[in-house]
Each structure stands twice: as C-alpha cells, then as structure tokens.
Amino acid sequence: GCGGTKGTGDSAKGPAKVRVQLKWLPSAQFMGFYYAKEKGYYAAEGLDVELINGGPDLVSTNQVSVGAAEFGIANLYSVLPFIEKGHPVVEIGQIFQKSSFLLVSKKEKGINSPQDLAGKKVGAWLGSAEFPVYALLDKYGIDKDKDLTIVKQDNTMDALLNGSLDAASAHTYNEYLVLLKAGLRPEDINVIDLEQEGSGMLEDCLIVNSEWLAENKDIAVKFMRATMKGWAEACKDPEAATEIVWKYLDAASNNKEHQLNFAKEIAKLVAPSGANAAQMLYLDEAQIKATQDLALKYKVIKKVPDKVYDKQLWEEAAKSLQ
Amino acid sequence: MSTAYKLQIEDVSMVYRGQGGEDITALKNVNLNIRKSEFISLLGPSGCGKTTLLRLIADLLQPTSGKIAIGGLSPRAARKARQYGMVFQSPVLYEWRTIRENICLPLEIMNKTREERKNISDEMLEMVGLSKFAECYPFQLSGGMQQRVGIARALAINPEILLMDEPFSALDEFTRNKLQEDLLRIWSNTKKTVIFVTHNISEAIFLSDRVCVLTPHPGILSAVIDIDLPRPRVDDIRDTPEFAALLSKIRKCFAGMNE
Amino acid sequence: MSTAYKLQIEDVSMVYRGQGGEDITALKNVNLNIRKSEFISLLGPSGCGKTTLLRLIADLLQPTSGKIAIGGLSPRAARKARQYGMVFQSPVLYEWRTIRENICLPLEIMNKTREERKNISDEMLEMVGLSKFAECYPFQLSGGMQQRVGIARALAINPEILLMDEPFSALDEFTRNKLQEDLLRIWSNTKKTVIFVTHNISEAIFLSDRVCVLTPHPGILSAVIDIDLPRPRVDDIRDTPEFAALLSKIRKCFAGMNE
Amino acid sequence: MLKRNNLANQLIALLFGLAVILFWQAGGFHVLLRLRPYQLPLPNEIFEAFIDNFDVMMVHTQYTMTEAVAGIFLGSGMGFLFAVFTAVVPRWGGGGLKLVTAINAIPMIAMAPIMNNWFGMDMGSKIAVVTMFTMAPMTINAYYGLTHLRPFALDLMISYAAEPSAVFWQLRLPNCLPHVFTAMKINTTVGLMAAIVSEFFVSHHGIGFELSTVLKLSQMSLGWAYIVDAAVCGILLYSIVSVVERYAIKWHASQR
Amino acid sequence: MKRWQSSRHIATLAWVAVMIVLWESGAWFLQNVLHDNMQVQKLPYFHQVMSTFFTHFGSLFADAMLTLSRAATGFVCGAAAGIAVAIVMRFSRFIGEMIFPYLIVLRMLPVLALAPIIYSIVKSQDAARIVLAAFITFFPVAVNMYSGLKSVDRDKLDLIYSYAASKRETYCKLMIPSSLPDLFAGLKIAAPSAITAAILVEMFGADAGIGIKILNSLYYGASSALMFWASVLTAALLGIFGYAVIYFLEKMLMPWQKADGKEEAH
Ligand SMILES: Nc1ncnc2c1ncn2[C@@H]1O[C@H](COP(=O)(O)OP(=O)(O)OP(=O)(O)O)[C@@H](O)[C@H]1O
Ligand SMILES: Nc1ncnc2c1ncn2[C@@H]1O[C@H](COP(=O)(O)OP(=O)(O)OP(=O)(O)O)[C@@H](O)[C@H]1O
Ligand SMILES: Cc1ncc(C[n+]2csc(CCO)c2C)c(N)n1
Ligand SMILES: [Mg+2]
Ligand SMILES: [Mg+2]
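Residue numbers (my numbering), protein chains in the order written: chain A, 900 to 1221; chain B, 2 to 260; chain C, 2 to 260; chain D, 2 to 257; chain E, 9 to 274.
Derived by calculation from the structure, the hints in this document are not laboratory data. Using N, Cα and C, we set each Cβ at its ideal position, and we do this for glycine too. One or more of the hints may lead you astray.
Stated by the list, open to error - Quick look at which bits of chain D chain E covers, simulated, 3 or more residues with Cβ under 8 angstroms:
(1) 9-15
(2) 73-87
(3) 119-132
(4) 166-177
(5) 194-200
(6) 220-230
As the list claims (entries may be wrong) - Each pair of labels, with its calculated beta carbon distance range:
(7) E:Ala-216 <-> C:Arg-18: 19 to 29 angstroms
(8) E:His-43 <-> A:Gly-1173: 40 to 50 angstroms
(9) E:Ala-88 <-> A:Gly-945: 25 to 35 angstroms
(10) A:Ala-1185 <-> D:Ile-241: 29 to 39 angstroms
(11) A:Lys-1201 <-> D:His-31: 20 to 30 angstroms
(12) E:His-43 <-> A:Lys-1210: 54 to 64 angstroms
(13) B:Ala-135 <-> C:Ser-132: 41 to 51 angstroms
(14) E:Asp-215 <-> A:Gly-1173: 49 to 59 angstroms
(15) B:Ala-256 <-> C:Ser-189: 18 to 28 angstroms
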C-alpha cells in the first residue's frame, strides 16, 4: 500500500480531493488547469483540486509514483523510463500536441543547419529534456559524445547570451521569448526547429498514479473532463487565461506581457487545430509511438513498456464532452 | 583489624608515560594506612608525587600497581558513594558560574534544596571572607580569593574524606591561619578523615595527627611522623619547643635530599 | 632629584567595574618611589591589590587615576623598551610548547640566536631543577614544577625590572629557599630592580630592601618598612633577633586588620 | 591498553557498517521505510553500477575533487586571512566579519548562476562558489581561536613588548590551530557540497553534473554509485584533515 | 567603552560604504568601459537593486518571512539533532567512535541527490523541507559541539567526577556550558546555512518564498535580473539576521565571557 488511496474522498461526503503535481514553476504553461479551477469546472464535477507547484529539482513523475500527488504533468519521454522501471504511473492525456523544442544560436556563431553543430558547445537540459537534442544529432550523424560538447544547461539563457554556449535548447514559449527580450532580434537568432526536423518528442502530458486510478476511475474521468474544458477555454482566450494565471504568480518576479506571449505560444502547442474541448489532451498513438521509438533508439529505455498510456479515460471524457 | 583503617594504600606505584614514550615513575611502592577521622598531611618537595597520590585516592587516576581501599571499598565505590570532597591545587572554578553558584555546584549535584544551598553557601562565603563577592564571576577575583572559593566548595558538602591539595598556598599568613583554625574546628566537629597536601612544614605540623614525608624521583614515602601535640591547637602552639622539635625533625628528613 | 628613582608611583587608584555595574576599588591613592636596583616586596592579604599594582606597573592595566613613571618613561614606553620580566601568579605556560620552548619564548622574541637560547635555557632549567623535563609538555608537570618554569622564563631574559607575583607560593621550603638564594645572587650580580609580590612575611624580609604593606578594601599602602639586614643574606639570618623583630613589626601592621 | 581498545572499537564500527549493508541488501530498509525496489537500489546493484561505470566515474570524480580542493584552499585561506585581519584590527575587521557571514548567507543556488556569468561554465565558476562558502566557517572559527586566549597568555606577550608578529606566530596561531582544524573539517564537507551543487547548473563535467542527470532519469543504481563516490571523496578529505590534525596539535586536550 | 562601541558601528558603516562604492564602480566599469552586454546579470548598479528592493519591499518581505519560518524550523531541528548527536558521541566513547565515520558518510551525501528519496520516504513536502534543512544545519553544529565537548579541561572534569555526579549532571553542569562557545561558533555558521537550505528546498517547488522569487527571475531572463539581485540581497539579509540572532543569544547566555576581541595595548 504505498499507492495513492490518500486524497480521495467518497463523493457522498463532499468534494473529492485531488492533487496535481505541476512540472515547473506556475506559469501559463499550465493555464488550462488554472482556468478549470478558477472557473469552477472542477468544483462542478465535485472535485477539490490542489495544484502543486514544481521546481527545477523536482521530478514530477516521481511525486506521482510515490503518491505525493494523484496526477502529474511531465514530458512524455521522461515518463517512459519510470514506467519501464515499474513505477505505477501511466499517461492518460497528451497536453502538447507537438514539440516546442528549438535549438537556438546567435547568428555570428554560424550555425545555419544542424550539421554546423559539430565541434560546438551545445546546451541541453540534461536529466529532463536532452533526448530531442540527441535525436536531432543522431539524425545528422553527429556523435554526441565525440563530435561536440554537450553542456548541462540551467534555467537561464545567460550562457548563450554571454557566449560560453554556442547553441542552446529553448522552448518556443519561454526561452525564445527571453532571447528577444534580452535585445536580440529574430534575425539575430538562428533557430533549428526540432518539430520540423522530425526529431521532436512529445512533451507535457498528463500522468496518473495507476494504483490510485484502479480504484478511482470515475474521479479520474471527471478530472479529465474538467481539465479538457479548461484547456479549450484557455486556448480560445489567452488574454483571459493570462489574467487567471496571473493570480497564481508572484507578481513581483513576473511580467504580465511575457506571460501573455507565453500563453499564446502554449495555445499553439495545445490546440494546433482549434480549441475544441473534446479534442484537448488527445492521445495520438502514432506520435506516441514515434516518441517511444526515439526513446528506444537513444537508450532512454531498453524496451518499450507494456502500458505507457491508457486511452480509456480520455475516450470517456471526450464522449461526454461532445 | 584491617577494617579499623579508613584508608589503606598497599604497595602503590604510579608510572606516567613521558613524551618520548619513556616512563616517569611518580610514585613507587607507597604503603600507608589511615585511620578514620585522622588528619594526615602529605609533605614533600615539588614534583614528588603528592598530587598524584591524592588523585589515586580520589579515583581520578588508576595506579600502575598496588591497591587502595577506602573502608573496604574501592576508590571508585567510595567516590560513587560521594565520600570525597576535593580541593585542587589550582582553583578549578567554572567560569560560567558566579562564586556562589560555584560553591553550590556540589550541593546541586547532591540534591540539596534551594534553601539549604542558600544557607550553606552563605555560611561558606562568610567563612572564607567572600560574602561581598558572591555574585561575581571568577575572573573578577584575585588568585587567593579564587583559591578560597575552591576551599569553600569542598567544605560545603561536608564529605567523609577531605582531600586537599595545597589549599592555602596562595593565601597570606592571616587568612591562612584563620582558615587553618576553621578547618580544624570543622574537622573536630564532624570527624572527617582529612588528607592534606602541603609543602609548608609548620602548617603540616600544626594541623596533622601524622605527617607523611615524600621524597622525589621516584616518589617514595620516606617517613611517617606522629604529631603528638595536644588538641585543640591554637596559634600559640607554634611557639612551643615541641613544635620546634618536630619542625627540625622533619626538616632533617629532607636534609641532603635537596641536591 | 626625581630622576634618582627608577619607579615613581604617584597617587595611583584603580577601580574595577563590578558585575552589577558597581565599582570595586582595588587600589586607592598609592604613592611609592623605588630606587634603581632596589628589591621591593609587596606584602598584603589576599585581594588587597598586589597583583593589580604589579599589572599597573607592567602596563597591563591603566590606572583610573594617578601616574606611574619608570625612570622618566611611561609604563608603556618602559614596556616597549623591554625593561620588564614578569612572573605571573599562575604559571601561564603555552600548552603547545615544551618546557624548554616555553623558556625560550621571550628569547625568541628578543631575537637571541639558537645557540644563546640553548645555553640560557639549559642554565635556567638547571637552576630550577627541571633539566630532566626539558622536552615535556606543561600538562606533564606538577603545579610547583610549572611555576618554576614561569620563574625560569622570566629570569632568562635578564630584564631591567623584574616583576614577580607570588613566584614561590607553590614551592616547598627547600626549593623555595634555594630559589630565593638564586634570585638574590642574580639580583646582586645584575643590579636589577625587583618588585616581588608575596604573602609570606619572612620571605619578604629575607629578600627585600624595603617591604610595602598593603591593606585591603580598598587597597591602601599602609606602611613601608626598611629592611636593614646586612647582605649578602644567608639562610641563618632568619634566626637572628633582628629578623624576628622585623617579623613582629610587620605582623603588627596587619594586626586588627584581620577581622 | 588504550590502543587495543581503539582497535576493538574500530572493528566494531566496521562490523556495524557491514551489518547495515547486509540489512540493506536483505531489503530491510525497503520494508522499514516502505520503499519500492526502484526507489532505493540494493548494495549489489550499486556496486555493479560502480564497476560498470568506473572509468567515467573517475573522470568526473577527479574533476569535482579538483574544484573542491582548490576552492577549499582558496576559501579557507582567504577566510583565515580575514580572521587574522579582524583579530589584528578588530575595529575594522568587526564590520568585515559581518560581511563575510553575509556571503555565507547567500544561497548557493543563487551564487552559481552569478559565478557562471563571471567565470564561465568551466571549473573557474565552481571553484569560485566553493571559495565563497568555505570562507565563513574558517573566518568564524579562526577568529574565535585567535581571540579567545587563556587568561594572561596575552599579558605575557604584552609584558615582553612582543612584536605583533610574534604575538601572532607564537600565541594566536597555535592557540587557534584546533579551531582551524574544526573549520577545515566543516569545509571538507561544505566545499565538496558546494562543488557538487554548483555543477547542478551550467556544467559539463563532475559528480554533480552526472548525479543531477542520472537521478532525474531514474537511474538509481548509478545515482547511488555517485552518491557513494561523493561520500568516499568527503571521507578522504576529512581523513586527511584528521591525520594532519593529530600530528599538528598533539598537545591539545582533544588529542590526549 | 561607549566611544569604542560607536567607533565599531562607524567601522561597520565604513565597510558597507566601501562595498557600495566598489559595487557601483564595478557596474559602471562593466557597462561603460567593457561594454558588457551582460552587465545587468553580472553586476547591476547597486542603486538599481535597491530601488527594486524598495519597490517590491512588501512582496520580498512576505516571502522572506515565509522562507525564514521554514529555515527556523529546519535550523531548530538540525541544531537540536546536532547537539544531541555530539553529546551522545561524547557520552559514550564507544558509540562516538562507532558512529562518527558514518556521520561523515551521511553528511557527505549530496542533499539535492537525496531529496527524491526523502520525498518518497516522508511523502509530505513540508516534512521533506524540514528534514532537508535540518540535514544541512546538522553538521557544523555537531562537529563544533563535539570538538568543544572533547576539549573540556581535565581539571574541571576531575572536579565533577570527584562528586560522582551522574552523567546527566556532568553534561548539564560542565560539558555543555563549557562547550557553549564552540557550539555558538557552529551555530553562527549554521544559521545562515539554514536560510540557504530553506531556499534550496524551495527548488523542489513551493507556493512562495525567496527561492521561488530567485527561480522566477532567473527563468524569465534579463528583464528580471534586478529582481533576482534584490531577492539575493534579501536572502543575504536573512542570513545576517540569523547570524545576529545567534550573536545576541550568545551574549545573553554567556555573561561570563569578557568582551571578545578585546583590543591590544601595542
Ligand atoms: N578583572 C577584575 N574585575 C573586577 N574586579 C577585579 C578584577 N581583578 C581584580 N579585581 C578585584 O580587585 C581586588 C584586588 O585584586 P588583586 O588581584 O590585585 O589582589 P591580590 O592582592 O593580588 O590578591 P591575591 O593575593 O589573592 O592574589 C580584589 O578585590 C578583586 O576582586
Ligand atoms: N600527566 C602526566 N604525565 C606525565 N608525567 C606526569 C603527569 N602528571 C604528573 N607527572 C609527573 O609526576 C611527578 C609527580 O607529579 P605530582 O603532580 O604528583 O607532584 P606534586 O608532588 O604534586 O608536586 P607539586 O608540589 O609541585 O604540585 C612529576 O615528576 C611530574 O612530572
Ligand atoms: C534546470 C532546467 N531544466 C530544464 C529546463 C527546461 N524547461 C523549462 S520549463 C520546463 C518544463 C516544461 O517545459 C523545462 C523542462 C530549464 N529551464 N531548467
Ligand atoms: Mg601538586
Ligand atoms: Mg594576586
């Protein structure tokens, strides 16, 4: 019994308590959840949802696995090794429908195509988001251990800006915007878009503790439904969503304009083909397979686990939303 | 018969390990029996092993060979039974305690009530003439005053065996004489066994029933001299011919030794 | 005329601040002139301010009021000119230095060569009878032995003014007598000025040209007594009637004081 | 007699450690702390990971140790000099002492990004972080040792009108040595820790670099191999300090 | 005495003034001589940091209090454990020698690496926070206290030994008071570290706190650089505050200590 029986309640006795482990600092990256909570979608389903902030050293998958939260947000490719090792987690929804991953460099470094990465110092978020980079390098026959230096990148873009990194990992929704705010113009930046290069791997997905799920399927469906609605509405109106997200942020160390741009980029990733609630969190099996294959190829996992995702919840939720 | 003695020291030797690993024999084959309520002085030149012997009795050191028994008990058992009161050669005050608190330390350990502690410490402070300094910290006292605190602390607990290591050496003649008389009064009232280390021959004679003379390198108990002066002894006794005779007798024990 | 004196103490008072902020007057209006090469003893009961006076002379304390001059210099200037050698009431040995190294400490500071240091320390160790313990650390020595190291250290540098705070109090009579004679010999050879604190009246008489009697609470210089015994003085002088007369004269100074 | 006692104690300590490892291997901790197998690897798995990755691990270990040792020397040295300065001119040093402790109060994780900006992403920035955080323990302890002298010890020196340098070399320095060693013991751990933590940020080598990556990827055996590795490094540094201490201050009460 | 005290304050002010001047000129140098485009990140002008600090004072203060309370809990637990373990180790030479090496092993475990496992053991963010902060505080306290306990004067020990005082009394009346100065030296190191620890733990996610401010301002780049520095400044002030608390506690608890750093008469 180390699973997550804690935190659930009999629906007869007031709302069921559910905890969601976010993967990072509160931001528009999770606007769908904030939206659903703020607009009462969860309450309407009889849920009392607690959104737990993450941080750079927190492994959200781990938190879900140990039962510190029932649900969690994580990069799909980093969830895979946990599932392979037997952690009781399973994916139940894919939040980002495509990869936001970029490799950026200053124009003067002359990295005009992926081949030019050879011999350079390239930043990667080791431990959480390095595999897309490896996939790209592999595609162009660049040996990550010999042909260039992979540097562990922190959560700033300073190393790229001060020139100690030649190229750095970036998400469309934050790091790229940070570069622009630091005074670089788009034409000063060379961008390698991993989605276009076909090396993109699936990022933010919704996972659940499978032991808890086995006993609380109904709650999970309710949660899915409210969450999908939240995301759909948030993507339709990023301005409104930003206002809601703002309530969860520390005003002193954040910037509303940045959050709005952030939110707009997120909307592009979550709802690339229109914000229809029934299509949110869609599990595209082909894409999941592509991510699994890349993970297998780059030894993130030794073999594809039996059960990475559970589509049933999404189907039930989507059905009731139509 | 052996139980007639309060303290039996049998063939006790003590060897310290020196810096280079060589042995320093501080005491060699010391034999001494002390009766209950006896006042014994240990007399001897600097470095002859007086402190060492006192520490052996007090269970602060273990002899290299030989045996010590205190009324049938081992020194450890006697210590655990809280039979000892000790005055160290240096005052050994706890610098975080005021003078009164230093005197009360053993009383606290022996679970005296607050009131008893107050009364006893008042009395002791009075006796050593430091009432005015009760609330001072040790660093505010002169050397002799600190030593008196050490004496007051040892007397406060009224122990069965009083071990005193040159308690009066830092004191002037008058203070010293007064405290000697106080000590004798307390001793005759309470019938303690006292082992008193000193290098002052006249002090040893004035106070003791017997004087044990130690000679150094290695420390050997070279003579035990009975002091058959009448008691109670008052200051005038120092001017008697008997006293002078004892003085020169003991001086002779040391003669020739000093080169 | 005033320059005839090596040391002039004019109306010196010293007030310590007590724990509760109240004042403790240790010395009050002390006046004393000391000639060059004079041997002066400060005599007085425990806590009367002897150590305080010595520390004032040595520039280790500043008087609350009054003035001290050393051959026209301030105590600070005299200290800087390294005129002082001091024996403290407690041995004050550096525990990280062996006995020899402790004795050599001032010699190092005064830039003596290695060879001089060796010779002087050998000689001093011999004098205080600790040659065998040269390479021991202080914790391996008895109380009296430690005190002798402190004496050896002060004499090693052959200072112009020797300030000695109860240097012999932890020593037995024989060692004490020997060291007293050594001290007098050194003094008469080198013509130092010596200020010697003691609570032992006969010691003060035996050694000094003049004895200064201090009485306590507050410390007042109540008498200065000339000791006009012939020199060189040998042990036998203690048995002369002149000696006895001085003894009782000084005792009288204290009489009545002790209550 | 004492010697044999020590040996027996050490043996028992060793046996105690062995017992703990056996208990761990038998799954005792997993039962006790209700852990899943993948949350805490077994000793044999850690050992295997260690053997399998030995060469790579040693490269990273060397890198981190270099940073730590360099930083510890720099930081302790500067901290000591600062303590000396404070002891010599307390009026001016006192305020500085507060500033040094203020540095100690800056969180390492805030310092690492700043240092990366100043000194680049290689060893330099990590050494700078270690230096900063080993300064205060040394300053505080050394200052204490330099100024808390036995009664009259300073008076003796003053009576000789000893040069300040003599007071320092003959009195203050030996008096503060035991405290310097206490500080060095603290600094071995603080220093290694600072090196590892600063490698959690921009870096491309070192135990911290590997550890942060490996653990997030749930490679627990290798992660623990690095944890054990770091512990061994720490003990190594600590033991060196202890051995030097034993010879340097054999006169001190704590060594008797 | 009074004069001396106030001159000491003046010296502290002088230090601060010198540091500020150095800081300002450093920033100026980076900006105008080196033309460093990272100047704001490397060393922003002190007056700009201060202005940010005061503009957001309310928010910084609230976060500071939050972090401080977490640090205080961790500090108290860690210090208590450190003292207790040091005592146990000195109490029984056997236990001391047995566990000391393992204590070192334990301490050498990198905290950030241990975090996941601690989270899986205690399963509560708050508890994990306290455990981690306590873990960091623990070692300096334990080491200093232990070395203080080992340095108690032989004579003082003999005295209480001669009274056959119980071990408990020996510790209460001798060992602990006599090691207080060493303990406080350890606490002075540990108090600021506890703040660091609390911030470190915020890297595992928290609703608010100085660490969260630092993270946010790093994550969103140059525009938040001033906020980053203001937060770091706040953190440092917290550390100084912790140090000061210990300092005054020390002065209060140890009236027998003569004024430390007494000036020499050279
Ligand atoms: N640091 C201090 N603070 C407060 N009072 C002090 C201090 N030092 C000495 N005194 C007080 O000053 C008085 C004289 O002390 P001093 O040490 O000079 O005496 P003394 O004549 O040397 O005595 P003894 O023979 O016992 O050594 C004493 O009453 C003592 O309590
Ligand atoms: N811890 C020790 N280690 C080595 N030798 C020691 C130790 N303690 C004492 N000694 C030696 O033992 C001998 C006797 O010392 P002790 O302290 O018993 O002398 P004492 O008779 O008390 O002398 P004093 O009158 O000078 O105090 C001395 O030679 C001394 O050097
Ligand atoms: C130390 C560190 N690791 C990863 C990222 C990259 N990143 C930024 S937000 C986010 C979460 C979801 O996208 C991720 C992985 C970072 N900035 N800093
Ligand atoms: Mg002795
Ligand atoms: Mg005195």
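Here is what the structure says about each hint:
1. Coverage of the segment 9-15 of chain D by chain E holds. Counting CB-CB distances below 8 angstroms, 4 residues qualify, and the rule asks for three or more.
2. For a cut-off of 8 angstroms, the count of residues in the segment 73-87 of chain D with a CB near a CB of chain E stands at 1, and the three-residue condition is violated.
3. Using a Cβ-Cβ cut-off of 8 angstroms, 1 residues of the segment 119-132 of chain D lie near chain E, which falls short of the minimum of three, so the contact claim is violated.
4. Figure legend: the segment 166-177 of chain D, annotated as covered by chain E; annotation inconsistent (1 residues with Cβ-Cβ distances under 8 angstroms, at least 3 required).
5. Counting residues of the segment 194-200 of chain D whose C-beta sits closer than 8 angstroms to any C-beta of chain E gives 3, which meets the bar of three, so the coverage hint holds.
6. Counting residues of the segment 220-230 of chain D whose CB lies closer than 8 angstroms to any CB of chain E gives 3, so the stated coverage by that chain holds, three being the minimum.
7. For the pair Ala-216 (chain E) and Arg-18 (chain C), the beta carbons lie near 50 angstroms from each other, so the given range of 19 to 29 angstroms is not met.
8. Between His-43 (chain E) and Gly-1173 (chain A) the beta carbons are some 48 angstroms apart, a value that agrees with the proposed interval 40 to 50 angstroms.
9. At roughly 44 angstroms, the beta-carbon separation of Ala-88 (chain E) and Gly-945 (chain A) lies outside the given 25 to 35 angstroms, and the hint is violated.
10. At about 59 angstroms, the CB distance of Ala-1185 (chain A) to Ile-241 (chain D) disagrees with the hint of 29 to 39 angstroms.
11. Checking the proposed 20 to 30 angstroms range against Lys-1201 (chain A) and His-31 (chain D) shows it holds: the Cβ atoms sit about 23 angstroms from each other.
12. About 57 angstroms separates the C-beta atoms of His-43 (chain E) and Lys-1210 (chain A), a value consistent with the hinted range of 54 to 64 angstroms.
13. Ala-135 (chain B) and Ser-132 (chain C) have their C-beta atoms about 46 angstroms apart, which keeps the hinted 41 to 51 angstroms range intact.
14. In this structure the hint that Asp-215 (chain E) and Gly-1173 (chain A) lie 49 to 59 angstroms apart at CB is violated, the actual value being about 34 angstroms.
15. For the pair Ala-256 (chain B) and Ser-189 (chain C), the beta carbons lie near 26 angstroms from each other, so the given range of 18 to 28 angstroms is met.
In this structure, the hints that do not hold are numbers 2, 3, 4, 7, 9, 10 and 14, in rising order.
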